[in-house]
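Sequences listed follow chains C and U, in order. Here the first sequence stands for residues 0 to 201, where the numbers follow numbering that gives the first Met the number 0. Here the second sequence stands for residues 0 to 201, where the numbers follow numbering that gives the first Met the number 0.
Because the hints were derived from the structure by calculation, they are not lab data. Incorrect hints may have been included.
[As the list claims (entries may be wrong)] So the derived list for chain U, only partly shown, Cβ under 10 Å to chain C, looks like this:
| id | residue |
| --- | --- |
| 1 | H15 |
| 2 | G74 |
| 3 | F96 |
| 4 | A167 |
| 5 | V174 |
| 6 | A194 |
Since the structure is predicted, the reported quantities are computational estimates derived from the model, not experimental observations. Even glycine gets a Cβ: it sits at the ideal position worked out from N, Cα and C.
Next come the chains, spelled out residue by residue.
There are 2 protein chains.
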Amino acid sequence: MGISQTVIRRLPSYLHYLRQLPDETVNVSATAIAGALGLGDVQVRKDLALICGGGKPKIGYDRLSLINSLETRLGYKDKKLAVIAGAGKLGSAFLEFKGFEENGLNIVAAFDNDISKVGYSDSGKYIYPMSDFCDFCKTEHVLIGVITVPWQAAQSVCDMMSRSGIKAIWNFAPVKLEAPDDILIQNENLASSLALLSSHLT
Amino acid sequence: MGISQTVIRRLPSYLHYLRQLPDETVNVSATAIAGALGLGDVQVRKDLALICGGGKPKIGYDRLSLINSLETRLGYKDKKLAVIAGAGKLGSAFLEFKGFEENGLNIVAAFDNDISKVGYSDSGKYIYPMSDFCDFCKTEHVLIGVITVPWQAAQSVCDMMSRSGIKAIWNFAPVKLEAPDDILIQNENLASSLALLSSHLT
Numbered sequence: 000m001g002i003s004q005t006v007i008r009r010l011p012s013y014l015h016y017l018r019q020l021p022d023e024t025v026n027v028s029a030t031a032i033a034g035a036l037g038l039g040d041v042q043v044r045k046d047l048a049l050i051c052g053g054g055k056p057k058i059g060y061d062r063l064s065l066i067n068s069l070e071t072r073l074g075y076k077d078k079k080l081a082v083i084a085g086a087g088k089l090g091s092a093f094l095e096f097k098g099f100e101e102n103g104l105n106i107v108a109a110f111d112n113d114i115s116k117v118g119y120s121d122s123g124k125y126i127y128p129m130s131d132f133c134d135f136c137k138t139e140h141v142l143i144g145v146i147t148v149p150w151q152a153a154q155s156v157c158d159m160m161s162r163s164g165i166k167a168i169w170n171f172a173p174v175k176l177e178a179p180d181d182i183l184i185q186n187e188n189l190a191s192s193l194a195l196l197s198s199h200l201t
Numbered sequence: 000m001g002i003s004q005t006v007i008r009r010l011p012s013y014l015h016y017l018r019q020l021p022d023e024t025v026n027v028s029a030t031a032i033a034g035a036l037g038l039g040d041v042q043v044r045k046d047l048a049l050i051c052g053g054g055k056p057k058i059g060y061d062r063l064s065l066i067n068s069l070e071t072r073l074g075y076k077d078k079k080l081a082v083i084a085g086a087g088k089l090g091s092a093f094l095e096f097k098g099f100e101e102n103g104l105n106i107v108a109a110f111d112n113d114i115s116k117v118g119y120s121d122s123g124k125y126i127y128p129m130s131d132f133c134d135f136c137k138t139e140h141v142l143i144g145v146i147t148v149p150w151q152a153a154q155s156v157c158d159m160m161s162r163s164g165i166k167a168i169w170n171f172a173p174v175k176l177e178a179p180d181d182i183l184i185q186n187e188n189l190a191s192s193l194a195l196l197s198s199h200l201t
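Produce the complete structure using the sequences and hints provided.
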């Protein structure tokens, strides 16, 4: 609803901070949030005004109500089903990783072209053959797809995802993908980040 | 040497593309690289001019020589030692992940405050108590630190890293860190990316 991507990117930090406060914390100030997260007071106030209106002077925000507003705006109230395409090194790591659930993502399965990978993963989630992808996603109403295949295969996986009803794609392959306008693609290039770190040391 | 971070972020894609071409490929054109990676011809030519001068008209770039120039510029020739602070869910996944080596990073160990985690990981790398961090990094000349601790602990880990001779920090904790000017901090906020995906679906 008119909230910029830049603001949305900050919301998980607010939520994370509020969730970890002691249960007995009733109110929390913008100053406390800003201090803990290394942000400016004014920015925090502006961001939160978009989510829940303003805090009360000298009292601040009601913590539970603010958590509720953030979870609603971020769409974390209903966990969204996600699948991983590509059960290689990175895909397998994500399949085992439990931290995504805190951010509304429920990874239910992975898919791979390599039939020898088919079966239960260490975390008890199933790795299916890639040929089952469309049927599975349509039947289960999967909305989020994570791409961890080699980059040569990424566009065809992206096409398959858009045919399967997936509406948001988290792409870890280092290549630009094309998809219909109603599908959001979020690119994550870990190799690029590593390049920055490494070149800083040369 | 005067190459912008934006350009450096694209170099791993070029390297990745060139490495996967068949061994018998001698020359490669900017047009072929641009087409494969979904980039513009002009951008590829400009980027590569900064790395190795120009290609030859109608022939293009010598593939092996371009790979060599990219590896040198990115500092991938000498694998750099890296350690992980925080052997929780994400840190453990990274410790098992083999893909970083292709990008010049050799993760040699992890550290955790939780003594029950001390010992060999599944991949045979050792998880040490956090109290061994400084001594280990100084002795082994570790240059890169990966932060996967909870955000409350991230700044103190960052301080410890800068005291231990680490010069580049890859921070996965959702908090801004402060460090001396000669230390590069690359922030990676996976929760922010997930927020974008999730809020697109609400």
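Structure-based check of each hint:
Annotation: U:H15 was flagged as interfacial toward chain C, and the flag holds, the nearest CB pair being 6 Å apart, inside 10 Å. Against a cut-off of 10 Å between C-beta atoms, the interface hint on U:G74 holds, since the closest Cβ of chain C lies about 4 Å away. Taken as an interface hint, U:F96 checks out: its beta carbon lies about 5 Å from the nearest beta carbon of chain C, inside 10 Å. Evaluation of the U:A167 hint against chain C yields a held restraint, the C-beta minimum of about 4 Å falling below 10 Å.
Because the beta carbon of U:V174 sits about 6 Å from the nearest beta carbon in chain C, less than 10 Å, this interface hint is met. Because the smallest distance between the Cβ of U:A194 and any Cβ of chain C comes to about 5 Å, under 10 Å, the interface hint for this residue holds.
The structure is consistent with each of the numbered hints, conforming to all of them.
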